[in-house]
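Chemist: Build out the structure end to end from the sequences listed, making use of the hints.
For the record, the sequence lines run as chains W and R.
Yeah, the first sequence ends on 360 if you go by the numbering used here, and it's all consecutive.
Yeah, the second sequence ends on 360 if you go by the numbering used here, and it's all consecutive.
What the hints contain is simulated information worked out from the structure, not anything from laboratory work.
Values in this document were obtained by computation on a predicted structure and should not be read as measured data.
Here a beta-carbon is modelled for each residue, glycine too, at the ideal position from N, C-alpha and C.
Misleading hints may appear alongside valid ones.
Computed footprint of chain W on chain R; a stretch qualifies when at least three of its residues, placed anywhere within it, have a C-beta under 8 Å from a C-beta of chain W [as the list claims (entries may be wrong)]:
#1 172-185
#2 235-249
#3 267-276
Calculated cross-link-like contacts (lysine-lysine; reagent style BS3-like; alpha-carbon spacing at most 30 Å) [unchecked claim]:
#4 W:Lys301 x W:Lys188
#5 W:Lys252 x R:Lys301
#6 R:Lys130 x R:Lys11
#7 W:Lys297 x R:Lys332
#8 W:Lys188 x R:Lys332
#9 R:Lys252 x R:Lys188
#10 R:Lys130 x W:Lys301
#11 R:Lys11 x W:Lys301
#12 R:Lys63 x R:Lys195
#13 R:Lys297 x W:Lys252
#14 R:Lys195 x R:Lys323
#15 R:Lys297 x R:Lys195
#16 R:Lys301 x R:Lys188
#17 W:Lys323 x W:Lys195
#18 R:Lys11 x R:Lys301
#19 W:Lys63 x W:Lys323
#20 W:Lys323 x W:Lys11
So, partial list: chain W residues that the calculated Cβ filter (under 10 Å) puts toward chain R [said to hold, decoys possible]:
#21 Phe157
#22 Val167
#23 Ala233
#24 Leu245
#25 Asp275
#26 Arg288
#27 Met289
#28 Pro303
#29 Ser339
If you want the building blocks of each chain, they are given just below.
2 protein chains.
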Amino acid sequence: MSNRRYHWKRLEQFVAQVFQRSGLPPEEASVVSESLIEADLRGVDSHGVVRTEIYVQRLEKGMVASGASMQVMQDGGLTLLDAQNSFGAVAGNRALELALTGARQHGLSIVGVKNSNHFGTCAYYLKKAVEQDMLLMVMSNASQTMPPTGGIRPFIGTNPLAVGVPAGRHLPFMMDMATSVVARGKIIVAAEKGEAIPEGWAVDAQGRPTTDAQEALSGSVLPLGGPKGYALSMFIDIMAGVLTGAGFGKSVNNMYENWAQPQNVGHFFIAMDIGRMMPVAQFKQRMDEYIEDLKAEPKAPGVNEILIPGELEFRREQERKQQGIELPLKVQQMLSSLGERHGLSLTDTEIDESAVYE
Amino acid sequence: MSNRRYHWKRLEQFVAQVFQRSGLPPEEASVVSESLIEADLRGVDSHGVVRTEIYVQRLEKGMVASGASMQVMQDGGLTLLDAQNSFGAVAGNRALELALTGARQHGLSIVGVKNSNHFGTCAYYLKKAVEQDMLLMVMSNASQTMPPTGGIRPFIGTNPLAVGVPAGRHLPFMMDMATSVVARGKIIVAAEKGEAIPEGWAVDAQGRPTTDAQEALSGSVLPLGGPKGYALSMFIDIMAGVLTGAGFGKSVNNMYENWAQPQNVGHFFIAMDIGRMMPVAQFKQRMDEYIEDLKAEPKAPGVNEILIPGELEFRREQERKQQGIELPLKVQQMLSSLGERHGLSLTDTEIDESAVYE
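Modeler: Written out as structure tokens, the structure is:
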């Protein structure tokens, strides 16, 4: 068994089936699976089907609720959603719907979410919003991974900030970033290869700067740009956590380590109906002009093209939809074994090599 | 004449008088001066009274309007403010009032501003919002200073992102950051001292990485964290520029270099009435808990205290209100000469050394 390639839609159905047979209602299983596959398609493998196992374990151990009745409280354009410990993608998807409906009605809306869980890649929500000509900001807090400036151990999360904005002829602007210097996943890869990491990525368990990937893994990832990343991460924690009633700081639980309590993650969505500020066609024309100006800029040696945020991921998605999603051996084995427990065959989702390059 | 210290309130009145006698209505002169002094008090000297001369020059050359009738268009919680080329602080202050009124009425409001100018330090607006228990986000675009990822010359601005959130017993959270690695001012200081700058701060005029401060000044400052800072800066340009009808990208004019056209800067304010999401007292108690947890974290060697964003600047403000604002010789000379033209004495604003430590 080497790295094999899987058909994105068949893989999505396989993962949805795994969730369903593990006890999730069909509509929730579909949403969670769709969110994971979207991450894999975009090349954000850390948020893809690699999470299937931990999600199933959280569900089976009763750490995540299945088919919960989420509660909605609304006051004009402001909504508070109590996710009742549903899967993060299920809560996020509901929050997105509420945010878009609110923006259509009021021009502008926010949805705060409490009692949620890890909600996957933010781009999953952005994509749905920009398809409807909406402008969307998404934030989520996360369990502790980075020290504050001056600290030595993880306290704040790599809380992501994401923004989606539609354009006209061009691809939408899709920013989806963690507030750390780099994804922890890159340090894991370096450690596996026995390679050093650049200075400034991480500190060791005593809070000392390190270029040793192993030491870094037992220490902390550093915030983007030092105090700026610390401030951004704290800002997101305030919006998604303090303001919504969710956990914040040390009260957001780690899904890999804490098997006694739900995560209590919080999310924060801001949606805006562009047409209420400017005719949508005019706005899109201005976005196109911006993007064309950027792309016409002189390029650094070795650079063929200036990309806008999200463009690389969009291309990967096209490519992977065509050629399949390649999964490392470990992930294949994990999915295969989850499938076997429920009479599902991962092999059926593989890409037929001979058919691909026809 | 060495570095001397000036009484903040007397200096504020002096600068307001300079603007007034240069043709600005009293209320506009007060707002612009107040914004500059606030920056000096907080230690953000680059946005302080050092700007008095360029502001007066823009006014005198007709590049900024005096006493313009700003136009307001409103649709529920969404407001578009046409600043009619007023000073940025005047437009920003009006936008703040509209945003806070809108948030009180609708729970949530946004104000987009077009046809504006450099609006000083964002913290000036945050401070007024948090005093009223409001949560405020402020963004502004700016003229070209940073290359996009893959580019070699300035295209995007160091567009600031700022967020203010009130706490209870503790100081408010006040994040006010440019989207560059460092302020260009730090490179100017290094160049004046003949010192090298760290790798990663800037590129030279050909877009090559440089540690030579002089080369950096003829090149570009780099975005915070590479592609992440590029995305953040572009996001702000979209909100403040593309969406409001202001300039964006290369159509935001440089106030030092372009004497043929107004700047056409855009700003974007989002205000939220905290009490519509959670009782304010409960929210503040949660903020206090967060801040206390952060401060209780173990500290890196040599660190006495973990600070929250804005805390350092708050302490400087207390100190400078007590001990005066120290101005470098160049700035003294500039202000002194502006004063002389209008029969105003800078000397009268100096701190009486013997009185300070009583």
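Chemist: Against each hint, give a clear statement of whether it holds in the structure.
Modeler: Hint-by-hint comparison with the structure:
no., hint, in the structure
1, 172-185, "holds (count 4)"
2, 235-249, "holds (count 8)"
3, 267-276, "holds (count 3)"
4, W:Lys301 x W:Lys188, "holds (27 Å)"
5, W:Lys252 x R:Lys301, "holds (16 Å)"
6, R:Lys130 x R:Lys11, "holds (18 Å)"
7, W:Lys297 x R:Lys332, "violated (41 Å)"
8, W:Lys188 x R:Lys332, "violated (48 Å)"
9, R:Lys252 x R:Lys188, "holds (24 Å)"
10, R:Lys130 x W:Lys301, "violated (43 Å)"
11, R:Lys11 x W:Lys301, "violated (49 Å)"
12, R:Lys63 x R:Lys195, "violated (33 Å)"
13, R:Lys297 x W:Lys252, "holds (13 Å)"
14, R:Lys195 x R:Lys323, "holds (29 Å)"
15, R:Lys297 x R:Lys195, "violated (36 Å)"
16, R:Lys301 x R:Lys188, "holds (27 Å)"
17, W:Lys323 x W:Lys195, "holds (29 Å)"
18, R:Lys11 x R:Lys301, "violated (37 Å)"
19, W:Lys63 x W:Lys323, "violated (34 Å)"
20, W:Lys323 x W:Lys11, "holds (8 Å)"
21, Phe157, "holds (5 Å)"
22, Val167, "holds (5 Å)"
23, Ala233, "holds (4 Å)"
24, Leu245, "holds (6 Å)"
25, Asp275, "holds (8 Å)"
26, Arg288, "holds (5 Å)"
27, Met289, "holds (6 Å)"
28, Pro303, "holds (8 Å)"
29, Ser339, "violated (37 Å)"
In terms of the numbered hints stated before, the structure departs from hints 7, 8, 10, 11, 12, 15, 18, 19 and 29, listed from lowest to highest.
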